[in-house]
Amino acid sequence: MGITEKIAQIQEELARTQKNKATEYHIGLLKGKLARYRKELLEPQPGQGSSGGGQGFEIAKAGDARVSLIGFPSVGKSSFLLKVTNTKSEAASYEFTTLTSVGGILEYNGAKVQIVDLPGIIKAASHGKGRGRQVIAVSRTSDLILMILDATKGGEQRQILENELDSMGIRLNKQRPNILLKIKKTGGVKLNLITPPKHLDEKMVSAILKDYKIHNADVLILDENCTIDDFIDVINEQHMSYIPCLYVYNKADAVSLEECDRLAREPNTMVISCEMDLGIDELKGEIWRQLGLVRLYTKRRGVMPNFVDPMVVRADSCILQVCDAIHREMKNQFKYALVWGSSAKHLPQKCGLQHPVHDEDVVQIVTK
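The numbering of the sequence shown is full-length UniProt numbering, which starts it at 1 and goes up by one.
Hints were generated in silico from the structure; no laboratory data involved.
Glycine residues also receive a C-beta, built at the ideal position from the N, C-alpha and C atoms.
A portion of the hints provided could be inaccurate.
[What the hints assert, rightly or not] Here are the computed lysine-lysine pairs in the BS3-like style, where the Cα-Cα straight-line distance is at most 30 Å:
no., residue 1, residue 2
1, 153, 210
2, 331, 368
3, 198, 182
4, 39, 61
5, 185, 31
6, 331, 19
7, 203, 6
8, 174, 190
9, 203, 19
10, 203, 345
11, 368, 61
12, 6, 112
13, 185, 153
14, 31, 182
15, 185, 19
16, 39, 203
17, 299, 345
18, 184, 153
19, 153, 182
20, 190, 335
21, 61, 112
22, 174, 21
23, 203, 174
24, 31, 19
25, 213, 203
26, 21, 213
27, 210, 198
[To be verified] Label pairs and their calculated CB-CB ranges:
no., residue 1, residue 2, range
28, 109, 207, 32 to 38 Å
29, 358, 244, 43 to 49 Å
30, 229, 347, 46 to 52 Å
31, 196, 229, 14 to 20 Å
32, 6, 203, 44 to 50 Å
33, 236, 266, 27 to 33 Å
34, 328, 6, 41 to 47 Å
35, 306, 178, 49 to 55 Å
36, 180, 203, 17 to 23 Å
Make a model of the complete structure from these sequences and hints.
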């Protein structure tokens with residue numbers, strides 16, 4: 001029996017098993033086995049690369065951040081790419097127009113954001129159907145996923161795509177579970193708790209670890225709401241990706257105003273029409289906010305700041321990351337920084353490497 005057959009068998013058993021207090025232990029073991037088989041499915045086969053050996057799927061990273069377009073064939077991914085970049089990606093109303101990854105650059109607020117149009121994926125993509133595994137693997141390298149959906153088909157497409165990405169270890173709009181796992185050589189399994197978890201106990205934790213052939217480990221659960229699925233994700237951490245996602249419903253011109261309003265009220269959701277050029281600018285702004293980028297203007301002593309070509313870094317960056325962005329050896333020659341802007345208590349403020357930077361700060365690095 002192959003891995004996909006084993007996965008299907010476990011999924012069938014999970015579907016027919018009633019959830020209650022008496023069966024939660026059995027369900028936990030089934031979920032552990034399911035995650036283990038899925039991990040084996042994700043591992044590259046002999047002679048294949050990390051993205052499954054697919055030619056033309058991965059493209060070199062460029063710009064300050066990467067956004068991947070995920071969706072079914074012919075939902076408007078290529079049309080959106082044409083609207084926001086200067087890239088030519090063939091767009092047509094028939095399915096599978098885009099057969100390889102196509103990248104373009106969206107210039108916004110001085111930042112260069114790489115938009116990657118991935119080939120359309122279909123149901124059972126995580127099992128390799130339609131080369132979906134290679135497509136989904138490329139999306140792991142994204143800073144943000146735009147799930148392009150057909151507004152005329154409601155939430156059906158969204159549910160299928162979420163399931164396919166989840167099966168491949170991509171967690172949308174989620175944070176890493178607040179669980180610490182340290183594997184040891186001896187000592188058995190020790191479960192440490194801040195407050196008793198509602199959905200986990202020592203018996204369950206030990207059984208799942210045993211299924212993964214882990215017999216000695218320290219487990220610290222910091223959140224009482226952590227579930228069996230969360231714990232399994234921590235065990236398989238190297239195969240997990242936690243990526244923000246925007247759900248973008250295209251073809252808004254083909255549905256009623258009431259339906260547009262209903263869709264737009266869903267969390268992390270935008271409604272657009274590439275055909276009518278509606279909502280595109282608003283979506284660009286939301287992409288910028290979701291990426292959490294900040295612009296910095298660098299300055300040399302006695303010279304006006306460069307306001308034309310800003311440096312773009314992550315929102316949680318400090319002067320240390322600014323130095324690394326300029327040159328990886330600069331932090332070794334660093335003396336202090338002068339900062340003008342909202343992050344400074346006075347203008348200019350003399351700062352060290354750990355000073356956090358804000359959007360549109362002016363920074364002057366002084367070296368030894």
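Distance restraint between residue 185 and residue 153, which requires alpha-carbon spacing of 30 Å or less: The hint is violated at about 53 Å.
When you take the CB atoms of residue 180 and residue 203, is the distance between them in 17 to 23 Å? holds, 20 Å
With the threshold set at 30 Å, check whether the alpha-carbon distance from residue 368 to residue 61 stays at or below it. violated, 34 Å
Given hint residue 182 paired with residue 31 - CA-CA distance at most 30 Å: holds, 21 Å
Between residue 61 and residue 112, is the straight-line Cα distance small enough, at 30 Å or below? Holds, at roughly 11 Å.
Holds or violated: residue 331 with residue 19, Cα cutoff 30 Å? violated, 55 Å
Is 14 to 20 Å respected by the C-beta to C-beta distance linking residue 196 and residue 229? Given about 18 Å between the Cβ atoms, the range holds.
Please verify whether residue 6 and residue 112 have alpha carbons no more than 30 Å apart. violated, 44 Å
Assessment of proposed distance window 32 to 38 Å (beta carbons of residue 109, residue 207): violated, 50 Å
Regarding the pair residue 210 and residue 198, is the alpha-carbon distance no greater than 30 Å? holds, 21 Å
Given the hinted pair residue 203 and residue 345, is their Cα-Cα distance within 30 Å? violated, 53 Å
Agreement of residue 174 and residue 21 with the hint, judged by alpha carbon distance not exceeding 30 Å: Within the cut-off at roughly 27 Å; holds.
In the structure shown, a violation is registered for the earlier hints numbered 1, 6, 10, 11, 12, 13, 15, 18, 19, 20, 28, 29, 32, 35, in ascending order.
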